[in-house]
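With chain R held as given, fit chain S onto it using these hints.
Order-wise, the sequence lines are chains R and S. If you're matching positions, the first sequence starts at 838 in our numbering and goes up one per residue. If you're matching positions, the second sequence starts at 838 in our numbering and goes up one per residue.
Rather than coming from a laboratory, the hints here were simulated on the basis of the structure. Some clues are possibly wrong.
A pair counts as met if it fits within one copy or between any two copies, since identical chains are not told apart.
Said to hold, decoys possible - Subject to a maximum C-alpha distance of 30 Å in a straight line, what follows is the list of computed DSBU-like cross-link-like pairs (lysine-lysine):
#	residue 1	residue 2
1	Lys-888	Lys-1305
2	Lys-1214	Lys-1128
3	Lys-1183	Lys-888
4	Lys-867	Lys-1191
5	Lys-1305	Lys-1183
6	Lys-1214	Lys-1066
7	Lys-867	Lys-1305
8	Lys-888	Lys-1191
9	Lys-1001	Lys-1034
These numbers come from a predicted model, not from an experiment.
Here's the letter readout for the chains.
There are 2 protein chains.
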Amino acid sequence: MDITEEGWRLQLGANIVPGSGVFFRVWAPKAETVSVRILSNNKKRDIRLGKEDQGYFAGLVEGVCRGDRYVYVLDNMDHYPDPASRFQPEGVQGPSEVIDPDEFLWEDEEWESIALRDFIIYELHVGAFTVDGTFEAIIPHLDSVKELGITAIELMPAAQFPGKRNWGYDGVYPYAPQNNYRGPEGLKRLVNAAHKKGLCVILDVVYNHLGPEGNYLHRYAPYFTDRYKTPWGDAVNFDGPYSDGVRHFFISNALYWISEYHVDALRLDAVHGILDFGSRHFLSELREAVKIHAKRSGKNVFVIAESDLNDVRIINPPGMGGYGLDAQWNDDFHHSLHALLTGERKGYYEDFGKVEHLAKAFREGFVYSGEYSAFRKRRHGSTSMDSPASQFVVFSQSHDQVGNRMLGDRLSQTQSFEKLKLAAGVVFLSPYVPQVFMGEEYAEIAPFHYFIDHSDDALVQAIREGRKKEFASFGWEGDPPDPAALRTFSDSKLAGDLRNQGNHKILFEFYQELIRLRREIASLRTLNKETMEVVSFEEDKVLFLRRWYNGDEAFSLFHFGEDIARIGLIIPEGRWDRILESSSSRWGGDKNYAPEKIDSHGPKVTISCCPHGVVLYRLCRRT
Amino acid sequence: MDITEEGWRLQLGANIVPGSGVFFRVWAPKAETVSVRILSNNKKRDIRLGKEDQGYFAGLVEGVCRGDRYVYVLDNMDHYPDPASRFQPEGVQGPSEVIDPDEFLWEDEEWESIALRDFIIYELHVGAFTVDGTFEAIIPHLDSVKELGITAIELMPAAQFPGKRNWGYDGVYPYAPQNNYRGPEGLKRLVNAAHKKGLCVILDVVYNHLGPEGNYLHRYAPYFTDRYKTPWGDAVNFDGPYSDGVRHFFISNALYWISEYHVDALRLDAVHGILDFGSRHFLSELREAVKIHAKRSGKNVFVIAESDLNDVRIINPPGMGGYGLDAQWNDDFHHSLHALLTGERKGYYEDFGKVEHLAKAFREGFVYSGEYSAFRKRRHGSTSMDSPASQFVVFSQSHDQVGNRMLGDRLSQTQSFEKLKLAAGVVFLSPYVPQVFMGEEYAEIAPFHYFIDHSDDALVQAIREGRKKEFASFGWEGDPPDPAALRTFSDSKLAGDLRNQGNHKILFEFYQELIRLRREIASLRTLNKETMEVVSFEEDKVLFLRRWYNGDEAFSLFHFGEDIARIGLIIPEGRWDRILESSSSRWGGDKNYAPEKIDSHGPKVTISCCPHGVVLYRLCRRT
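Chain R on its own, in the form it takes in the complex:
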């Protein structure tokens, strides 16, 4: 089965053949026989599938149509839902449903994704973003997201997981949009609406493991291997015997979201959990398939990795031996910023805390590029000095960085208003692709907890204990909210309406302003590490950033200290206008240390910066 062929369509699962019935195909290399059991109108009938090469079973079944439900029967014994099920109407334990992918009336024919360098990402959790917690319930909020200046929404994983609430990383049907999010129809409506409003859609997909409940893939085939361990148990079998079928399953999944759901980019969860020692890394093959597919369909499609490896091989082009992914999250940027903002030094924050860490993140990308990491107890990372800035996604908060805190506390719950503006300034004035976590832009007060809805009590208990242990490594003691409690989930829903009140409103506008400046000013818009000067003033806790592009020039100061900082700077001669100061009354502050204009005649000017302030100047006239 060639996944790079013209006019690619899903070759697995249940596919309607107009006028004939449904063509089923499933990979079960260890089965002698496979039948599909059709469940419709309270009748059930088993139809034996034919054996194809390489362990696939397939067959056209007449008299089946959209909405019919089915399972596969292996070796005339047990039956399980379809690994490539497009819909699990009754959840992970129920039968699969035949879906007609051509039924939905798309209205985004004109849609074309913007370039990755223009992405301004808004990460959201479908269940917690709205009261209803469905795909469609998001649609009315797209205007507000757009108003903020966002260009791409990113959905946390939406593949069918056990129960009604979950971050999504416990998904077990990678092709089936979550039933209580309202399944395939709901997701298509959301993507369609987003595209009509000019928003890209990024989908978080999980290829490094499957959830612990409702996962029957191992009954079908060697999807997993015990040769490698991941933090989530046995690794997915990407390089052992039968791995071709496993790779095909996941690569098809990527193409499926792109072709049937029109998503513009995939965010690959934790690629460090994709353990492939083979000569052709799965990520490299995945990226190539996506690229060919995108090219054939005339679309821009991006693949963005979450990676804990600090390894540029992930994003390097194939000619340099890389896997060619478009971008990756830069956790080092977050950690540098978070450690400076909060003073936290436990867990992985042990490796951060200096202004110079953040400075290196600005200059290069990875802060750890081969240096010894006390947290990891080994040297870590390769240099990203030569990697284009558009290959890094940066943020001050994310689902992990909030939700994996014991109390799920956002920065807004523990840090001053001034620091929230400072954090935003660092992210949006950086030369990287910025990302916001839902609610961050107006200082949402609801926490974002970790929540699950498993039916296995022992599993729930293990998860509770595992998390408590992890929290201890950060020095957090006490009892975290129970992940399995409904309340833990409902508490995590956005309060929302805050956005129009007091400092919440001001913060939203401050975000808007930063995004507007970034969009309109050439030196801020360009994602270029080469046209940039970064100086760290460790004593003063100030980071100086100067950027230029095509004659345009701007500089910022980010001040992490409690006192007033007076910084002597060498900047090009000329008149500089202050175009943003976070401590000014416009942004809810009452102080204003920085002058509105500077005349630099060289060699040095001194600028004062208020505590936790960010200030931005732009060159208006050279002298």
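Frame of chain R; chain S shown alone:
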């Protein structure tokens, strides 16, 4: 500890400080205290070592000198030999001995290794090569090896293993030359003698696992990880917490053999067992350290991998994302040749058997470059089309390919004399670095068995069963010789004297002639896949190979069939001299189907080739 510093010397183990005593250093990051226990003159004294950074313990101890024995005491409890012991006079369970690396009087100051492309390798097992089974006992045989045309001898692993006989892959003291091979002094004498005779020395080193008996490294530090499994148990910890110390230990080992023993090249055992998911692969770091060290000492040093991955990343230069190793064994070449010669199709030979397989091995290197392998049940390999020919070591027999057969049978024991010559022709007329397994060159009749001398009965039993199971996958039934029996080892010793008798003598001279031709004829000497034409005649079971270089031109036919082959060839016009025919009376044959001269006037000439014959023509005059 910087392993790339000028004038590198071993920083681990016991190092004599002239006039002061001995400086001990050991890595034990989990110990609170470490003492060195000096055992001399029936006295013992414990001296506590100081704690250094990163878990090292070190200290200068007075009154200790060469020949003194010692162990380390961890946390005032158990004591173990030194992981970096230079010598284990009483074997794996005894104390370590202080060795003076400067004591030996080297006589190879003028020695300089030849280029890798000129390597003609002779692989030998120290114990089985001679009656005595010591390093020094090899020396009297170097003349005969040299006479054959060999330029480099390769020693199977010589690091201290349990017992008195072992292939060497169960070594547990990577720095200590085997005691019953006669330790450090013996190995130095061998290298010294080889260099004086103009022979390079390659040492087989094992960095992917340690043997199962006498291994106390895990008592000192997290040398191993249970995150990955290898065929030999837990993997070495190359990428987890504390892996810096593990990497330092093995990289130091490579530099140690080069600097203290003057070895010219290392053969890295089974690099597919070096499981490193970090951003800087161990092999890449190893290669760089060796390169820097070699450059500083003005030597040529090579690193050659054994790899089951068919992954060019191992040998690609760093700029292409490779690890930069100089060369690797090409098992595909062996398997193609072996399957054609023997007709075997079980085990990994399932993937081979066509002339075209061997043709691809000639053209590219790897036969499996992404194709589906029935044996592996997955696609396998990356293309080596662009890899220089000098990066591949090829052979018709090796310790593995003989010794891992149930009866340890060499080709000479199962195949006709004609086929032995054919096999040699394929290897030496190829554009790759050729390798011979001891005794192969004169059709040695002794088998080469797998042998061990462990003291743990359960372990021995497990090994017996493991091997039997593996043999079954090749369709070999019955009882293999007992690996633990002394006789299994003694049977494997070379009979040797055969070399001057009948066909044994002729085969030796045939090997000599092939090596001479390869050395003297420009088109055969060049390791270049680009100046080469390879055509497979599948029906006729003939491989045609034409090579040219700098005006010189030659072609060969390799015939794997039982019948006389008549092959129509298109060759450049001119007069061609037959310079070698394996079936001629000169080489013990009685038939002679090929003409001594060919006048090619185009477009096609027809040449007959005798069964299992190899014939070589050289262009003497163009027309």
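The hints, checked one at a time:
1. In this assembly of identical chains, Lys-888 and Lys-1305 lie within 30 Å of each other by CA distance neither inside one copy nor across copies; the values are 48 Å within and 34 Å between.
2. In the homo-oligomer, the alpha carbons of Lys-1214 and Lys-1128 lie at most 30 Å apart only across protomers (27 Å), although the nearest pairing inside one protomer, at 38 Å, exceeds that limit.
3. Proximity of Lys-1183 to Lys-888 under the C-alpha cut-off of 30 Å is restricted to the inter-copy arrangement: shortest distance 25 Å between copies versus 55 Å within a copy.
4. Proximity of Lys-867 and Lys-1191 under a CA criterion of 30 Å is satisfied inter-copy only: 29 Å between copies versus 55 Å inside one chain copy.
5. Taking identical chains as interchangeable, the C-alpha atoms of Lys-1305 and Lys-1183 lie at most 30 Å apart only when both belong to the same chain, with a minimum of 15 Å there against 52 Å between chains.
6. With identical chains, the CA atoms of Lys-1214 and Lys-1066 are at most 30 Å apart both within one copy (19 Å) and between copies (22 Å).
7. In this assembly of identical chains, Lys-867 and Lys-1305 lie within 30 Å of each other by CA distance solely across copies; the values are 25 Å between and 40 Å within a copy.
8. For the identical chains of this complex, Lys-888 and Lys-1191 are inter-copy neighbours only, at 28 Å across copies versus 61 Å inside a copy, given an alpha-carbon limit of 30 Å.
9. For the identical chains of this complex, Lys-1001 and Lys-1034 are intra-copy neighbours only, at 29 Å inside a copy versus 77 Å across copies, given an alpha-carbon limit of 30 Å.
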